[in-house]
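**Q** Here the protein sequences come in this chain order: A and B.
All residue numbers for the first sequence refer to this note's numbering, where the first residue is 1 and numbers rise by one.
All residue numbers for the second sequence refer to this note's numbering, where the first residue is 1 and numbers rise by one.
Since the hints were made in silico from the structure, they are not lab data.
We put the beta carbon where it would ideally sit given N, CA and C, even for glycine.
Any given hint might turn out to be false.
What the hints assert, rightly or not - Each pair of labels, with its calculated beta carbon distance range:
no.	chain 1	residue 1	chain 2	residue 2	range
1	A	Pro166	B	Ser59	42 to 50 Å
2	A	Val108	B	Glu48	54 to 62 Å
3	B	Arg305	A	Lys11	34 to 42 Å
4	A	Trp25	B	Pro297	52 to 60 Å
5	A	Val318	B	Arg305	53 to 61 Å
6	B	Arg305	A	Ala37	54 to 62 Å
7	A	Leu104	B	Glu253	40 to 48 Å
8	B	Leu238	A	Thr270	44 to 52 Å
Residue-level listing of the chains:
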Amino acid sequence: MAIIVGTGDFKYRIIEDWAKLPEGWSFKEVGAVGVDAKDNVYVFNRGEHPVMVFDREGKFLRSWGEGQYPRAHGVHMGPDDSIYLTDDGGHFVRKCSLDGKVLLELGVPGKPTPYMSGEPFHRCTHTALSPKGEIYVSDGYGNAKVHKYSPDGKLLMSWGGPGTNPGEFNIVHNICTDADGWVYVADRENHRVQVFDGNGKYETQWNNLHRPCGLYMDYTRHPVCYIGELGPVQPVNRNSPNLGPRVSIVDNQGKLLSRFGDMHAGTAPTAFLGPHGLSVDSHGDLYVGEVSWTQWPQFYPDTPRPAYIRSLQKYERVH
Amino acid sequence: MAEIVGTGDFKYRIIENWAKLPDGWSFKEVAAVGVDSKDNVYAFNRGEHPVMVFDRAGSFLRSWGEGEYPRAHGVHMGPDDSIYLTDDGGHFVRKCSLDGKLLLEIGVPGEPAPYMSGEPFHRCTHTALSPKGEIYVSDGYGNAKVHKYSPDGKLLMSWGEPGTGPGEFNIVHNICTDAEGWVYVADRENHRVQVFDGNGKYETQWNNLHRPCGLYMDYTRHPVCYIGELGPSMAVNLKSPNLGPRVSIVHHEGKLLSRFGDPHASLGPTGFIGPHGMCADSRGDLYVGEVSWTLWPGAFPGEPRPESPRCFRKFEKVR
Numbered sequence: 001m002a003i004i005v006g007t008g009d010f011k012y013r014i015i016e017d018w019a020k021l022p023e024g025w026s027f028k029e030v031g032a033v034g035v036d037a038k039d040n041v042y043v044f045n046r047g048e049h050p051v052m053v054f055d056r057e058g059k060f061l062r063s064w065g066e067g068q069y070p071r072a073h074g075v076h077m078g079p080d081d082s083i084y085l086t087d088d089g090g091h092f093v094r095k096c097s098l099d100g101k102v103l104l105e106l107g108v109p110g111k112p113t114p115y116m117s118g119e120p121f122h123r124c125t126h127t128a129l130s131p132k133g134e135i136y137v138s139d140g141y142g143n144a145k146v147h148k149y150s151p152d153g154k155l156l157m158s159w160g161g162p163g164t165n166p167g168e169f170n171i172v173h174n175i176c177t178d179a180d181g182w183v184y185v186a187d188r189e190n191h192r193v194q195v196f197d198g199n200g201k202y203e204t205q206w207n208n209l210h211r212p213c214g215l216y217m218d219y220t221r222h223p224v225c226y227i228g229e230l231g232p233v234q235p236v237n238r239n240s241p242n243l244g245p246r247v248s249i250v251d252n253q254g255k256l257l258s259r260f261g262d263m264h265a266g267t268a269p270t271a272f273l274g275p276h277g278l279s280v281d282s283h284g285d286l287y288v289g290e291v292s293w294t295q296w297p298q299f300y301p302d303t304p305r306p307a308y309i310r311s312l313q314k315y316e317r318v319h
Numbered sequence: 001m002a003e004i005v006g007t008g009d010f011k012y013r014i015i016e017n018w019a020k021l022p023d024g025w026s027f028k029e030v031a032a033v034g035v036d037s038k039d040n041v042y043a044f045n046r047g048e049h050p051v052m053v054f055d056r057a058g059s060f061l062r063s064w065g066e067g068e069y070p071r072a073h074g075v076h077m078g079p080d081d082s083i084y085l086t087d088d089g090g091h092f093v094r095k096c097s098l099d100g101k102l103l104l105e106i107g108v109p110g111e112p113a114p115y116m117s118g119e120p121f122h123r124c125t126h127t128a129l130s131p132k133g134e135i136y137v138s139d140g141y142g143n144a145k146v147h148k149y150s151p152d153g154k155l156l157m158s159w160g161e162p163g164t165g166p167g168e169f170n171i172v173h174n175i176c177t178d179a180e181g182w183v184y185v186a187d188r189e190n191h192r193v194q195v196f197d198g199n200g201k202y203e204t205q206w207n208n209l210h211r212p213c214g215l216y217m218d219y220t221r222h223p224v225c226y227i228g229e230l231g232p233s234m235a236v237n238l239k240s241p242n243l244g245p246r247v248s249i250v251h252h253e254g255k256l257l258s259r260f261g262d263p264h265a266s267l268g269p270t271g272f273i274g275p276h277g278m279c280a281d282s283r284g285d286l287y288v289g290e291v292s293w294t295l296w297p298g299a300f301p302g303e304p305r306p307e308s309p310r311c312f313r314k315f316e317k318v319r
């Protein structure tokens with residue numbers, strides 16, 4: 001029997017084992033997911049084939065990027081049949097065609113700037129586009145900045161600094177935009193999403209979240225926001241229920257519309273380990289990539305990591 | 001020259017080595033502090049003499065509680081020359097006279113309620129009083145509740161659940177009240193202070209904080225709130241500046257008035273390691289107790305812990 005999760009207008013049927021990988025291949029874990037105009041799905045993963053492409057039935061189409069992506073982190077799909085890949089281990093952003101041809105590269109692969117220097121990049125995390133095609137880069141683990149680039153990759157401005165005040169960041173982990181040009185930033189370890197105008201002026205923040213990590217919004221006016229939240233991993237609260245990992249769907253003012261995931265981290269179909277990258281196709285179906293391999297020892301420090309842990313699942317919208 | 005810290009109307013001169021302990025005695029670390037109506041100072045600590053009392057010049061007056069308090073956690077001073085001590089290791093709250101005579105005990109020493117059962121107590125953390133003398137207990141590490149008791153210790157009601165929504169808690173760590181009966185709760189790992197009416201109805205929350213841990217408010221109308229904030233302790237942000245540990249002073253609606261502490265955890269003259277309990281005296285001088293011994297390995301991994309890292313200072317208000 002199908003398992004249904006979520007509430008209200010955002011209920012989903014879980015499709016287990018959706019992706020049919022070539023024999024012997026593995027994602028290891030999935031940093032992020034993107035969906036193109038034909039509803040093909042791009043799985044940016046940390047295995048030996050960093051970009052694997054599937055059709056909406058989960059049939060494998062192709063792979064690319066082998067040897068070129070040290071640590072998959074973020075995906076954003078461009079409106080011009082392009083894909084923006086952010087690699088935090090390599091400290092770079094690449095805009096590629098859908099078959100993997102590099103069209104633009106930001107950052108110097110393998111060369112981070114000094115920690116917290118504010119200069120791009122030190123473990124950059126994700127990208128988004130302005131209505132004019134300017135590129136926002138969240139940066140990241142070793143900086144506390146959002147950088148804004150021209151469409152051809154010229155640095156225009158940066159904002160943010162480490163801290164907890166409005167406009168300050170504590171792990172800038174994902175970034176999204178909407179068609180009105182608002183910029184939404186997952187400020188992960190401050191447990192909030194901050195909203196800015198297109199030039200970094202602080203507008204508001206969404207609270208009541210737990211380690212918001214992955215963000216996805218359709219590029220429309222007033223889109224809902226899909227948020228992957230990480231769970232508690234400190235000894236002091238690791239066993240507490242109801243803190244994630246989970247997926248929350250909020251309206252464009254941050255009001256909670258739907259939330260799913262078990263009370264604790266887990267490997268059951270309804271549970272999550274580390275929902276890290278999300279994307280939605282034209283049917284409203286949701287794909288959730290998880291960094292399960294990395295998260296496992298944080299939840300289960302005394303349990304050996306299994307050889308296979310689920311790191312991608314499809315959630316088919318129930319209409 | 002004495003260091004001056006803070007800003008605006010809340011500037012302080014740091015008094016190093018204020019407390020004159022008897023020869024060979026140690027706090028180990030100071031979890032909480034109270035000040036009585038004569039401005040004598042009660043340092044509730046995790047050494048062999050759990051309650052040490054000093055006059056305002058730092059001269060040692062007396063100690064009590066030896067062998068009776070497994071793990072000092074919270075202090076609240078009653079208006080009737082009493083002191084409420086909360087012991088999270090012992091799972092109990094005791095109301096004592098100022099010379100240590102037991103007047104009331106809530107909870108069963110050494111016997112926690114089951115984890116997250118909601119029943120009092122599982123590592124309770126702090127107390128506060130309503131205008132009618134009813135006792136609020138924050139509970140704590142192993143529950144996600146605030147309990148309300150009659151002045152003579154009868155359980156009246158409880159509120160809260162684990163989670164991140166309004167009225168939910170992720171480590172209920174400290175609690176304060178004001179003369180109008182508002183209840184302020186340090187919801188530590190949700191990075192916020194939640195405000196409730198006297199019966200647990202959610203009113204608002206203060207954000208832009210980092211792991212708010214110790215709370216102190218004068219029992220007046222519209223008092224300011226002194227907040228001890230813990231610093232980052234996860235590998236991912238341990239080295240980030242400007243996240244605490246620090247002390248923040250906010251007005252009764254949460255607006256930041258003054259903040260001090262170094263950009264990182266530090267034993268330097270203006271730094272903190274774990275500002276965990278605080279109290280102000282009749283002159284506005286502030287005492288800050290720190291759990292430096294416990295937090296040392298998390299803040300300085302690999303660095304040998306000093307025998308007794310600094311854990312108690314007086315901050316004399318500059319007029």
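**Q** How does the Cβ-Cβ distance of Arg305 (chain B) and Ala37 (chain A) compare with 54 to 62 Å: does it lie in that range?
**A** 58 Å, holds
**Q** Given the range 44 to 52 Å, decide if the beta-carbon distance of Leu238 (chain B) to Thr270 (chain A) lies inside it.
**A** 33 Å, violated
**Q** Just tell me: holds or violated, for the beta carbon distance of Pro166 (chain A) and Ser59 (chain B) against 42 to 50 Å?
**A** 45 Å, holds
**Q** Range first: 52 to 60 Å. Now tell me if the beta carbons of Trp25 (chain A) and Pro297 (chain B) are that far apart.
**A** 41 Å, violated
**Q** Note whether the CB distance of Val318 (chain A) and Arg305 (chain B) lies within 53 to 61 Å or breaks it.
**A** Distance hint for Val318 (chain A), Arg305 (chain B) holds at roughly 55 Å.
**Q** When you take the CB atoms of Arg305 (chain B) and Lys11 (chain A), is the distance between them in 34 to 42 Å?
**A** Since Arg305 (chain B) and Lys11 (chain A) have Cβ atoms about 52 Å apart, the given range 34 to 42 Å is violated.
**Q** Lying within 40 to 48 Å: is that true of the beta-carbon distance Leu104 (chain A) to Glu253 (chain B)?
**A** Between Leu104 (chain A) and Glu253 (chain B), where Cβ atoms are some 47 Å apart, the hint holds.
**Q** Starting from the range 54 to 62 Å, see whether the pair Val108 (chain A) and Glu48 (chain B) falls in it by beta-carbon distance.
**A** Given a distance of about 57 Å, which is inside 54 to 62 Å, the answer is holds.
Comparing the model with each earlier hint shows violations of hints 3, 4, 8; every other hint is respected.
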